[in-house]
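Undergrad: The chain contents come next:
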Amino acid sequence: MQSQESTRMKLNYRIVIFALAIVFGLIFSAPSLFNLNEGKKITLGLDLQGGLHMLLGVKTEEATKSKIKSIAASIKFYTNKNDILIDSLSFDGENISFILLDSDDEVQMREHFAKTEGLNVVVEEELFSLSLTPEEVINTEEEAITQAIETIRNRLDQFGLTEPVVARQGAEKILVQLAGIKTQEEEQRARELISRAAKLEFMAVDEKRAARVSVMTDEDAAEYDDVILEDAANPEKKYLIKEIPILDGGMLTDANVGFDQNNRPVINFSLNAEGAEIFGDFTGKNVGNRLAIVLDGKVYSAPNINERIGGGSGQISGDYTVMEAKDLAIALRSGALLAPVYMMEKRSVGPSLGADSIKASLVALVGGFVLVIIFMMVYYRAAGVIANIALIANLLIILAVMSLFGATLTLPGMAGIVLTVGMAVDANVIISERIRELLYEGKSMHKAIEDGYSNAMRAILDANITTLIAAVVLYAYGTGAIKGFAVTISIGILASMLTAILGTHGIYQMLESKIQKSKNNRFWFGIKD
Amino acid sequence: MEFFKYTRTYNFMGKSKFAMIFSIILVLSSFVLLMTKGLNYGVDFAGGTIVQVKYDKTAPIDTMREKLKSNELFSGASITEFGSPDEVVIRMKTTTSNITVDIGDITREALKGTGNYEIRRVDIVGPVVGAELKEKGIMSLILATIGILIYVAFRFEWRFAVASIIALVHDITIALGAITLVGLDVNLDVLAALLTILGYSLNDTIIVFDRIREGVTENKNTSLFDSINESVTRTLPRTTLTSLTTFFVVFTLFMFGGEIIHAFAFTLLVGVIVGTYSSVFVASPILLKFGFSVKDYHQKLAKKAKREAEKERMRSQYESGTL
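Here the protein sequences come in this chain order: A and B. Residue numbering for the first sequence follows the working numbering, starting at 145 and increasing by one per position. Residue numbering for the second sequence follows the working numbering, starting at 20 and increasing by one per position.
Source of the hints: derived by calculation from the structure; they are not laboratory data. A virtual CB, placed ideally from N, CA and C, is assigned to each residue, including glycine. Hints may contain errors.
[Unchecked claim] For lysine-lysine, the following DSS-like pairs were computed, each having C-alpha atoms within a straight-line distance of at most 30 Å:
{"hint": "1", "chain 1": "A", "residue 1": "Lys326", "chain 2": "B", "residue 2": "Lys112"}
{"hint": "2", "chain 1": "A", "residue 1": "Lys203", "chain 2": "B", "residue 2": "Lys155"}
{"hint": "3", "chain 1": "B", "residue 1": "Lys153", "chain 2": "A", "residue 2": "Lys203"}
{"hint": "4", "chain 1": "B", "residue 1": "Lys24", "chain 2": "A", "residue 2": "Lys663"}
{"hint": "5", "chain 1": "B", "residue 1": "Lys131", "chain 2": "A", "residue 2": "Lys470"}
{"hint": "6", "chain 1": "B", "residue 1": "Lys86", "chain 2": "A", "residue 2": "Lys326"}
{"hint": "7", "chain 1": "B", "residue 1": "Lys24", "chain 2": "A", "residue 2": "Lys326"}
{"hint": "8", "chain 1": "A", "residue 1": "Lys658", "chain 2": "B", "residue 2": "Lys24"}
{"hint": "9", "chain 1": "A", "residue 1": "Lys213", "chain 2": "A", "residue 2": "Lys382"}
{"hint": "10", "chain 1": "A", "residue 1": "Lys627", "chain 2": "B", "residue 2": "Lys131"}
[Unchecked claim] So, partial list: chain A residues that the calculated Cβ filter (under 8 Å) puts toward chain B:
{"hint": "11", "residue": "Leu199"}
{"hint": "12", "residue": "Gln328"}
{"hint": "13", "residue": "Glu330"}
{"hint": "14", "residue": "Ser339"}
{"hint": "15", "residue": "Val485"}
{"hint": "16", "residue": "Ala504"}
{"hint": "17", "residue": "Tyr523"}
{"hint": "18", "residue": "Leu555"}
{"hint": "19", "residue": "Val569"}
{"hint": "20", "residue": "Glu577"}
{"hint": "21", "residue": "Tyr584"}
{"hint": "22", "residue": "Ile613"}
{"hint": "23", "residue": "Val617"}
{"hint": "24", "residue": "Gly670"}
[Unchecked claim] According to the in silico footprint, chain A covers these stretches of chain B (three or more CB under 8 Å from chain A):
{"hint": "25", "segment": "113 to 123"}
{"hint": "26", "segment": "133 to 143"}
{"hint": "27", "segment": "151 to 159"}
{"hint": "28", "segment": "168 to 174"}
{"hint": "29", "segment": "204 to 215"}
{"hint": "30", "segment": "252 to 264"}
Start from the sequences, fold in the hints, and give me the full structure.
TA: See the structure below:
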């Protein structure tokens with residue numbers, strides 16, 4: 145150190161890095177701190193802004209069942225179309241069986257089934273037994289989950305909330321997160337949209353036995369391959385329906401809300417070419433019979449077929465409000481869920497509670513922060529001020545890093561920041577204590593500072609790494625809001641290495657000549673000279 | 020400002036017997052509490068439902084109870100005040116799996132006619148998820164402990180690692196005992212607090228151990244007893260100060276952080292106090308009891324230094340081309 149520049153502040157690499165870190169912190173935390181329109185901001189967790197978090201399960205076995213059912217429907221259509229005579233077509237959860245009346249058709253039937261993948265066909269004389277191969281069952285179940293995620297995402301995208309999250313969690317769970325829900329009623333509407341099967345089926349009324357429906361049981365109906373379904377508006381009213389549908393909503397291309405002549409909301413739909421053909425065929429052959437429009441197992445209407453209906457479009461009328469009709473149209477457009485979903489976990493926080501939580505945690509943060517700042521200044525004087533600069537820089541960097549990565553700030557995350565305030569000064573306490581000791585031992589100021597840092601370094605590293613181990617485990621095993629705690633704690637620890645160790649060291653080195661000249665240990669380190 | 024005189028060395032180890040007795044009493048009574056009263060698992064781990072309701076005036080708890088009797092689903096539901104007389108929490112062991120109409124919606128309907136209220140929070144944790152969270156929670160505590168054990172054993176010596184783990188078990192047990200005593204619900208936030216205590220308490224212990232390591236390495240002749248006393252004394256200002264600043268923030272969190280963060284803050288509060296105490300009065304005396312041998316450690320260090328020197332010699336020979 146040359147004497148002529150003894151009072152000049154010296155730049156060093158540490159202070160430059162520290163200054164850059166502060167600039168980085170300022171720039172990237174500004175959008176979040178001042179709620180600017182530009183730049184990346186920290187997202188508030190659902191527990192702070194209010195919202196709905198759900199874990200859904202998928203009843204995958206239902207997907208297999210309905211696949212069997214639709215294969216049965218296709219057999220019926222195919223044999224009808226090609227004038228192949230079959231009898232006793234029936235199916236349960238796993239198998240389909242039917243009797244082929246004319247064995248000349250066997251080759252044609254076999255060829256038809258060969259086109260469908262994953263089908264096990266066993267023929268004993270004229271009895272056909274069909275089932276899905278085990279691989280196909282797995283595929284179907286897997287598809288049910290991915291399709292459910294896709295469908296729910298589609299529906300929520302159209303629901304009008306910002307950035308709904310729909311993601312797979314684990315092997316068979318679906319995570320749904322919705323922010324910005326205002327009321328319980330709105331939340332319920334969203335849940336209804338998510339869980340709605342939206343399974344549209346066009347089915348034939350069994351006109352031969354329809355008159356007897358009121359005295360039939362489900363078992364009686366099953367004997368004729370029929371099912372008894374109730375009316376959507378009036379559960380007392382029953383219909384006897386052919387179990388195997390004519391076609392289903394999979395062939396739907398569009399669904400929109402319209403109004404009928406009485407100005408009540410209806411849903412207009414259109415079918416794709418294949419659907420239109422099946423629809424036209426069926427209506428052509430069944431003039432005078434009734435066609436039931438069945439949604440999620442309830443009959444919405446069962447109009448008489450007056451003539452062949454071509455073109456493949458139609459209308460579903462029902463007793464619903466415009467809002468309900470809109471949601472239903474969304475659900476129909478996004479397609480049916482292959483398998484029903486059910487709730488495994490739900491966490492719902494109202495916006496007012498979220499606001500209260502923000503307020504409370506801010507009070508704690510500011511209160512704790514002010515206490516620590518004052519305490520450090522009283523105890524360490526200038527060294528305390530330097531530690532406080534590092535602390536503020538630390539907070540800025542936490543916010544900046546979180547903003548940059550679009551991390552989510554949760555209530556436990558806020559607690560993590562509060563805790564970081566208490567623990568981040570630790571490094572500076574350790575360093576300052578080491579410097580004080582060395583000064584007491586009579587070391588020179590330069591040596592006291594340099595040795596103080598190097599002596600303290602090992603302890604700080606070990607201590608921080610162990611805390612980091614706990615935080616990483618918490619992140620890996622924690623769920624939802626708790627993850628937020630692990631994130632802020634981890635960033636806080638890493639940032640404190642930069643600010644509390646490197647940053648303050650840089651400040652001391654810059655001020656060293658000043659400190660040496662003043663010889664005022666009380667002012668600089670809060671101890672007697 | 021200074022809390023402690025630099026020139027004095029306190030005889031902590033001489034008084035460690037009292038501390039030991041005190042710790043054993045605390046740990047044992049915590050165990051007794053855990054055995055008899057037991058931990059009160061909240062919905063996160065036990066599964067169940069929580070509905071938080073806020074009224075515009077004092078919540079009519081009796082009327083609410085009456086109303087909830089209407090449905091089988093609410094049997095065994097408890098209603099307790101939450102933070103203020105206007106706000107209550109309904110806890111139930113039952114859950115529903117229907118998405119469209121869940122137990123929260125049913126509660127909302129059932130409470131109709133009890134005044135102006137707002138449902139502020141509904142947590143439903145199904146039995147499967149509850150069991151999973153519990154399993155994950157226990158795993159995370161075990162994994163964190165093992166990770167820390169390995170790290171400390173690697174950086175220090177196995178006796179240090181075992182001593183710090185005993186201190187950790189001591190802290191966690193007492194914290195759990197305190198939670199049981201107060202009757203707090205153990206949820207995910209409490210687990211997070213416990214893991215933080217793990218990290219924090221170890222932080223303290225390591226700072227002290229680092230000093231002991233340093234003292235032992237530098238002074239061959241001092242006994243371990245004196246060395247520990249010296250190290251604990253030298254780190255005392257730091258231990259006190261950091262504990263104080265952490266205590267400040269946790270205390271403000273406890274006082275002003277709101278009801279939801281209450282259990283978390285309480286657990287931390289106990290943890291900070293116990294963690295500080297244990298690093299001085301539990302971890303270090305155990306190290307002494309374990310008979311950490313200064314002589315052996317020196318031999319080990321000497322061996323290590325020799326190996327390094329040997330390596331260095333080989334390298335220089337190799338570089339100068341003599342090998």
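Undergrad: May I ask you to test the interface hint for Ile613(A) with respect to chain B, counting a Cβ-Cβ separation under 8 Å as satisfied?
TA: holds (4 Å)
Undergrad: Within a Cα-Cα threshold of 30 Å, do Lys658(A) and Lys24(B) meet the stated pairing?
TA: The given pair, whose Cα atoms are some 27 Å apart, holds under the 30 Å limit.
Undergrad: For Lys213(A) and Lys382(A), compute the direct alpha-carbon distance and say whether it is at most 30 Å.
TA: Holds, because 22 Å separates the two Cα atoms, which is no more than 30 Å.
Undergrad: At a threshold of 8 Å, is the proposed contact between Glu577(A) and chain B supported by beta-carbon distances?
TA: For Glu577(A), the interface hint holds, since the closest Cβ of chain B sits about 5 Å away, which is under 8 Å.
Undergrad: Under the criterion of a CB-CB separation shorter than 8 Å, is Gly670(A) in contact with chain B as hinted?
TA: Hint holds; Gly670(A) Cβ to chain B Cβ min 5 Å, cut 8 Å.
Undergrad: Quick one, are Lys24(B) and Lys326(A) close enough, alpha carbons at most 30 Å?
TA: Roughly 59 Å between the alpha carbons, so the hint for Lys24(B) and Lys326(A) is violated.
Undergrad: Report holds or violated for the interface hint on Leu555(A), using the least CB-CB distance to chain B and a cut-off of 8 Å.
TA: Holds: closest Cβ of chain B sits about 6 Å from Leu555(A), inside 8 Å.
Undergrad: Are Lys86(B) and Lys326(A) close enough, with their CA atoms no more than 30 Å apart?
TA: Between Lys86(B) and Lys326(A) the Cα gap is close to 26 Å, so the pair holds against 30 Å.
Undergrad: Checking one constraint from the list: CA of Lys627(A) to CA of Lys131(B), max 30 Å. Satisfied?
TA: violated (37 Å)
Undergrad: The hint names Leu199(A) as touching chain B; please verify it with the least Cβ-Cβ distance against 8 Å.
TA: holds (6 Å)
Undergrad: Does the interface hint hold: is Ala504(A) within less than 8 Å of chain B, judged Cβ to Cβ?
TA: Result: holds, 3 Å to nearest chain B Cβ.
Undergrad: Per the coverage rule (Cβ-Cβ under 8 Å, at least three residues), is the segment 151 to 159 of chain B covered by chain A?
TA: Three-residue rule met by the segment 151 to 159 of chain B, so holds; n is 5.
Going down the numbered hints, you'll see the structure goes against 7, 10, 13, while the others check out.
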